[in-house]
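In my numbering, the protein residues as written are 41 to 352.
The set of hints was computed from the structure by calculation and includes no laboratory data. A couple of the hints might just be wrong.
Here are the computed lysine-lysine pairs in the DSS-like style, where the Cα-Cα straight-line distance is at most 27 Å [said to hold, decoys possible]: (1) Lys224 x Lys238; (2) Lys224 x Lys316; (3) Lys316 x Lys238; (4) Lys309 x Lys238; (5) Lys273 x Lys224; (6) Lys274 x Lys224; (7) Lys198 x Lys257; (8) Lys316 x Lys232; (9) Lys309 x Lys141; (10) Lys238 x Lys69; (11) Lys257 x Lys273; (12) Lys257 x Lys238.
These numbers come from a predicted model, not from an experiment.
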Amino acid sequence: MWGTHYSSRLNSLQDFCRQSIVRYDEREKIAWLYMNPSPRPCITPVLLEDVRRSQHVWAEVNREAFLNGDEQPVQYTVLASAYPGIYSYGGDLSLFIQFIKERDAEGLRQYAYMCIDDVYLMAINLHQPVTTIALVQGDALGGGFEAALSCNYIVAEKGAQFGFPEILFNLFPGMGAYSFLSRKIGMVQAEKMITSGKTYTAEEMFEMGVVDFLVEKGRGEDGVYEFVRNHRKKRNAHLSLVRVRQRVNPVTREELIDVADMWVETAMKIGERELKIMERLVRAQDRLRTDSTEKVHPLRRGEKEQPEIRIT
41 MWGTHYSSRL
51 NSLQDFCRQS
61 IVRYDEREKI
71 AWLYMNPSPR
81 PCITPVLLED
91 VRRSQHVWAE
101 VNREAFLNGD
111 EQPVQYTVLA
121 SAYPGIYSYG
131 GDLSLFIQFI
141 KERDAEGLRQ
151 YAYMCIDDVY
161 LMAINLHQPV
171 TTIALVQGDA
181 LGGGFEAALS
191 CNYIVAEKGA
201 QFGFPEILFN
211 LFPGMGAYSF
221 LSRKIGMVQA
231 EKMITSGKTY
241 TAEEMFEMGV
251 VDFLVEKGRG
261 EDGVYEFVRN
271 HRKKRNAHLS
281 LVRVRQRVNP
291 VTREELIDVA
301 DMWVETAMKI
311 GERELKIMER
321 LVRAQDRLRT
331 DSTEKVHPLR
341 RGEKEQPEIR
351 IT
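Whenever a hint applies, use it, and build me the whole structure from the sequences.
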């Protein structure tokens, strides 16, 4: 059967993912990726590689099915988290600190470009008739919020928190926040959110139009399936509307890269005071991670810790 062949390829992705957990729901044609970074729930280079690899396999399998005249195996992708109560704390601050102290602007730029490659592919549906979904079941901060914004839709549990803490250390979120958010809620409101340093609840984000589907706490995955069932009833129209949106108000890779370059330039100008704030945030994240993982997510049971890997 064709489904067995495609399912096997999609499920074999797990053999190559070091800081994420992937699974494929053949019946609903949903590819799930749960971010599972180490040593803390932030966006590490290894996680970025996992996401990029998964994106390419999802797209390749769909292309193969198209050439074979088969039904598209991946119609929806879901970017979620394996950490209970935490979606993502955003960029790898410990890596940022290292690059800034070493005056390694190119290392920081390489990291930023890796982020851009991943969020851009999510934003343009992997160049496929695919719907990208972010499932937020906890804190989505900084780059984690940006990752969610890059998806076509955000499904969030009540009580989840969203925000951009970068202003606290004299920086701004540079991996898509302004581009994605301003197109959703306008430039004035986007700048207000970015510069305030405030955290917003999922309920507030839903009222503002940032979150698309709001569900009760603990019902996130059920909410995704409910969203998909409703979306699928008029999938042709929804896919076309996404294409129209991207044509009328496109987010280009060039725009994202230009902003990322400005982010690198700004980051290299921050001083010792800001670096100390970043270091305190890293320590706080470590403490919160310990508290969060006392109750281990079922997907993380038996997983071995992966060492942090630095870009070279």
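We went through each hint and held it up to the structure:
1. As the CA atoms of Lys224 and Lys238 are separated by approximately 18 Å, the hinted pair is consistent with the 27 Å bound.
2. Taking the CA atoms of Lys224 and Lys316, the gap is near 34 Å; set against the 27 Å cutoff, the hint is violated.
3. Only pairs whose Cα atoms come within 27 Å are accepted, and Lys316 paired with Lys238 is accepted, the gap being roughly 20 Å.
4. Distance restraint check for Lys309 and Lys238: the Cα-Cα separation of roughly 23 Å lies within the 27 Å cut-off, and the hinted pair is therefore satisfied.
5. For the suggested pair Lys273 and Lys224, the alpha carbons sit about 24 Å apart, so the restraint of at most 27 Å is met.
6. Among the hinted pairs, Lys274 with Lys224 is consistent with the structure: their alpha-carbon atoms are about 22 Å apart, no more than 27 Å.
7. Taking the CA atoms of Lys198 and Lys257, the gap is near 5 Å; set against the 27 Å cutoff, the hint holds.
8. Under the criterion of a C-alpha separation no larger than 27 Å, the hint pairing Lys316 with Lys232 is consistent with the structure, at around 25 Å.
9. At most 27 Å may separate the alpha-carbon atoms for a hinted pair to count; Lys309 and Lys141 meet this at roughly 11 Å.
10. Distance restraint check for Lys238 and Lys69: the Cα-Cα separation of roughly 37 Å exceeds the 27 Å cut-off, and the hinted pair is therefore not satisfied.
11. At most 27 Å may separate the alpha-carbon atoms for a hinted pair to count; Lys257 and Lys273 meet this at roughly 26 Å.
12. For the proposed pair Lys257 and Lys238, the alpha carbon gap of about 22 Å is at most 27 Å, so the pair holds.
Hints 2 and 10 from the earlier list are contradicted by this structure; the remaining hints agree with it.
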